[in-house]
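Visitor: Given next are the chains, with one letter for each unit.
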Amino acid sequence: MFRPTFAALAAAAIFLTAPAFAANYAAGTCLPNLPSFETISQAVSSVPSGSTIEVCPGRYPEQIVITQPLTLEGVPNAASDAVIVVPSGGLSQTVDIPDFGGLIPYQVLVQATGPVNLINLAIDGTGADAGGQITMAGIIYLDASGRAANLALRNQQCQLDGFGVLAITTAAAAQTVSVENSVIRGFDNAGMWTESDGGPMTVNLTSNIINGKAATLTNAFVYSLRATGTVQSNLISGASVPVLINSSQPVRVTENTISESSVNKFVTFYLTSASATIANNRVDLGGATGFWLFGGATNSVIQHNTFGNAGLVMRACGASGYTFNFNTITDAATGFMSDGPNTMAPNNYYAVGNAEQSCTYGRESMNLARKLPGFLRAR
Amino acid sequence: MSRLRFAAFATLVGFLTASAFATNYAVGTCLPNVTSYTTISEAVSSVPSGSTIEVCPGNYPEQVVITQPLTLEGVPGATSDAVITVPAGGLTQSLNFDFVGSVTYQLLVQTSGPVNVTNLAIDGTGGAGRGYVAGIVYQDSSGTASNLGVRNQTGGGLGIGLLALTSVAAPQRVTVANSVFRGFDGVGVFAITGDAGMNMLTANVQTNTINGSVGTNSVGVDYANATGVVQVNQITDSTYGVILFPSSARVQSNTISAKVFGAYIYSGTAAFTNNEIDAQGSYGVYLQGSATNSVVQNNIIGDSSTAIFGCDVGSGMGNASGFTVTGNAITDAAVGLEMPSGNTLTPNNYFATDAAVQFCM
Chain R
1 MFRPTFAALA AAAIFLTAPA FAANYAAGTC LPNLPSFETI SQAVSSVPSG
51 STIEVCPGRY PEQIVITQPL TLEGVPNAAS DAVIVVPSGG LSQTVDIPDF
101 GGLIPYQVLV QATGPVNLIN LAIDGTGADA GGQITMAGII YLDASGRAAN
151 LALRNQQCQL DGFGVLAITT AAAAQTVSVE NSVIRGFDNA GMWTESDGGP
201 MTVNLTSNII NGKAATLTNA FVYSLRATGT VQSNLISGAS VPVLINSSQP
251 VRVTENTISE SSVNKFVTFY LTSASATIAN NRVDLGGATG FWLFGGATNS
301 VIQHNTFGNA GLVMRACGAS GYTFNFNTIT DAATGFMSDG PNTMAPNNYY
351 AVGNAEQSCT YGRESMNLAR KLPGFLRAR
Chain Z
1 MSRLRFAAFA TLVGFLTASA FATNYAVGTC LPNVTSYTTI SEAVSSVPSG
51 STIEVCPGNY PEQVVITQPL TLEGVPGATS DAVITVPAGG LTQSLNFDFV
101 GSVTYQLLVQ TSGPVNVTNL AIDGTGGAGR GYVAGIVYQD SSGTASNLGV
151 RNQTGGGLGI GLLALTSVAA PQRVTVANSV FRGFDGVGVF AITGDAGMNM
201 LTANVQTNTI NGSVGTNSVG VDYANATGVV QVNQITDSTY GVILFPSSAR
251 VQSNTISAKV FGAYIYSGTA AFTNNEIDAQ GSYGVYLQGS ATNSVVQNNI
301 IGDSSTAIFG CDVGSGMGNA SGFTVTGNAI TDAAVGLEMP SGNTLTPNNY
351 FATDAAVQFC M
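Chain order of the listed sequences is R and Z.
Going by the numbering used here, the residue at position 147 of the first sequence is 147; the numbering climbs one at a time, nothing skipped.
Going by the numbering used here, the residue at position 28 of the second sequence is 28; the numbering climbs one at a time, nothing skipped.
Treat the hints as calculated values from the structure; they're not laboratory data.
Keep in mind it's a predicted model, so treat the numbers as computed, not measured.
Be aware that a few hints might be false.
[To be verified] Pairwise CB distance ranges, derived in the manner of DEER restraints:
1) A170/Z - T254/R: 43 to 53 angstroms
2) N33/Z - G362/R: 35 to 45 angstroms
3) A130/R - Q358/Z: 26 to 36 angstroms
Cβ coordinates follow ideal geometry from the N, Cα and C atoms, glycine included.
Sequences are here, hints too, so could you generate the full structure?
Guide: What follows is the structure, given as structure tokens:
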């Protein structure tokens with residue numbers, strides 16, 4: 001009895017010793033007993049791989065590049081927060097992502113490494129367009145993995161396309177990024193955009209509050225070009241096209257509460273050739289159109305959702321391979337339009353003007369078709 | 001075994017026979033085998049108490065008054081809906097309550113009930129008048145309103161989707177479920193009691209979609225001296241998400257995005273728990289007055305100027321006291337808590353929040 005206990009104790013002691021060199025560092029001066037750095041940039045490039053860096057309350061006007069595994073977190077239970085802000089000259093550093101339109105300014109860039117965890121920080125993009133930038137992102141995970149949790153990602157807006165989080169692969173390795181328990185708001189393109197221009201890219205969005213109230217054409221999240229992942233238990237509002245899935249790989253959108261923007265309303269779900277599961281969500285469609293479906297889907301299913309306050313809930317005209325059933329729809333002008341081989345029943349309709357109407361290809365669809373290449377970056 | 005089964009069957013038949021006189025009637029012409037009426041008003045006053053009236057698809061420009069227990073429902077599974085609309089001459093019939101004033105209605109329930117209303121649209125377009133205008137009024141009544149589309153009740157900020165109101169000393173219970181309330185410029189669901197009816201009204205409001213984007217001063221759910229449970233509603237774009245003024249209601253597991261306050265709780269013995277609030281840069285929960293242990297617990301509040309605020313800044317309602325504010329997760333706030341002393345304020349979790357706790361100036 002004594003020997004195993006002693007052995008376990010010895011093993012524990014070794015564990016404690018071994019990673020000690022990778023333990024806590026600080027940015028700022030609030031933790032005088034820790035090795036401290038003046039800037040976050042200094043810290044992330046100086047500490048050993050796998051370290052945890054505690055960031056003291058304060059404002060950090062920096063563009064930060066992380067190229068090794070580490071955890072960067074605002075000091076837990078501090079009386080005020082650590083905020084990464086735009087340097088006075090604007091965002092001068094960029095990263096080249098040719099498949100995503102070239103040089104992208106960023107606030108935090110995590111590149112070719114992982115896991116990198118970003119926790120309990122505010123990242124404020126106010127002033128990001130000082131240098132005339134038309135694109136920028138709060139956080140970019142480029143060929144990188146990690147977890148972003150308890151963040152405030154705000155005001156990522158510039159002349160055109162501001163993103164809260166961008167997660168992209170260009171190399172062959174598979175990557176996974178989790179975004180959890182965060183507030184993402186004030187972006188003018190997408191709260192989160194992910195795509196695979198290389199190996200498999202998985203993004204899981206869980207329990208976030210996402211509000212796209214800043215601009216006219218916004219997405220809460222976008223899965224494009226083979227990106228995959230799960231979007232669960234988020235509260236999403238204020239976006240003109242909250243859900244955009246343009247990926248052939250599985251994307252699961254479950255148990256979210258989504259409301260279409262009351263201004264600049266457009267369409268709540270936009271799916272092209274998707275392999276998506278949209279289930280158990282509660283959606284206020286804001287009097288607008290619920291779904292525009294395009295292309296040949298690979299078994300995309302839309303089931304067990306509650307939709308309310310709609311013009312047209314489901315438009316599946318010129319689309320095929322979608323299943324839309326076991327949903328509850330209350331207070332809509334029209335339930336669905338479909339002319340492809342799709343499954344559109346059974347659903348429950350309450351206070352709905354017409355459960356079904358024939359597909360039309362009028363001015364509205366032409367207008368939508370004209371607008372969308374901007375979202376999809378015309379690729 | 002077979003005797004028992006037969007007995008059960010016989011009982012069932014007995015039930016069916018006994019209630020046969022109270023079963024289906026119709027409004028409209030879609031159910032030719034059922035006794036049918038031309039208008040909803042005719043039907044609700046003519047059928048025996050306890051009947052079910054199926055309403056055929058179509059528009060019904062009527063003000064409907066129900067004074068006996070019954071069920072009024074749109075024909076289930078119909079391909080289009082039954083809509084109660086405003087008559088061509090506008091809404092001419094109204095009630096007067098000493099503590100509210102004039103209330104014009106589209107559907108009025110005036111019986112202890114139960115009166116169940118389901119699968120109907122109630123559209124207030126063109127119904128603006130003097131004073132309040134409500135889609136549905138339960139006056140000293142009980143029943144269930146479910147699967148409804150209640151919309152466009154407007155008029156100078158006094159449009160109400162559903163008003164449950166009790167002013168006599170008899171307990172009433174109103175359930176509002178699985179419905180959409182939108183296009184109102186005042187209140188989505190309003191549960192209120194007058195002096196004699198104090199706390200006599202239990203209103204349960206659950207799994208509704210309530211969208212207040214039309215009003216500049218709109219309220220999603222408003223309780224005044226009423227009690228009950230408000231749960232799993234999606235409350236969007238109101239000026240004020242939930243108001244408890246005061247109440248012993250339990251408000252739980254709702255999602256709220258509001259422009260000025262996610263919730264306002266005055267005094268009372270309320271429980272506001274497990275809600276998720278997108279405060280859109282304004283106040284998450286605003287507390288006032290002396291509470292008898294009202295609790296604000298385990299909520300998630302994001303994007304607020306102040307997540308939970310309890311200081312009297314000139315309203316005269318008094319600083320908050322007697323509130324328990326614990327277990328909340330606050331992310332992206334300028335100020336987490338701004339509260340006076342006299343409340344329980346720890347523990348809470350603050351993330352990316354500029355100032356966790358401040359006391360009133």
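Visitor: All the hints need checking, so say for each whether the structure fits it.
Guide: Outcome of the hint check:
Checked against the given bound of 43 to 53 angstroms, the beta carbons of A170/Z and T254/R, roughly 44 angstroms apart, stay inside it. The given range of 35 to 45 angstroms is respected by N33/Z and G362/R, whose C-beta atoms sit roughly 40 angstroms from each other. Distance hint check: the CB atoms of A130/R and Q358/Z are about 32 angstroms apart, consistent with the given range 26 to 36 angstroms.
When each numbered hint is compared with the structure, no violation occurs for any of them.
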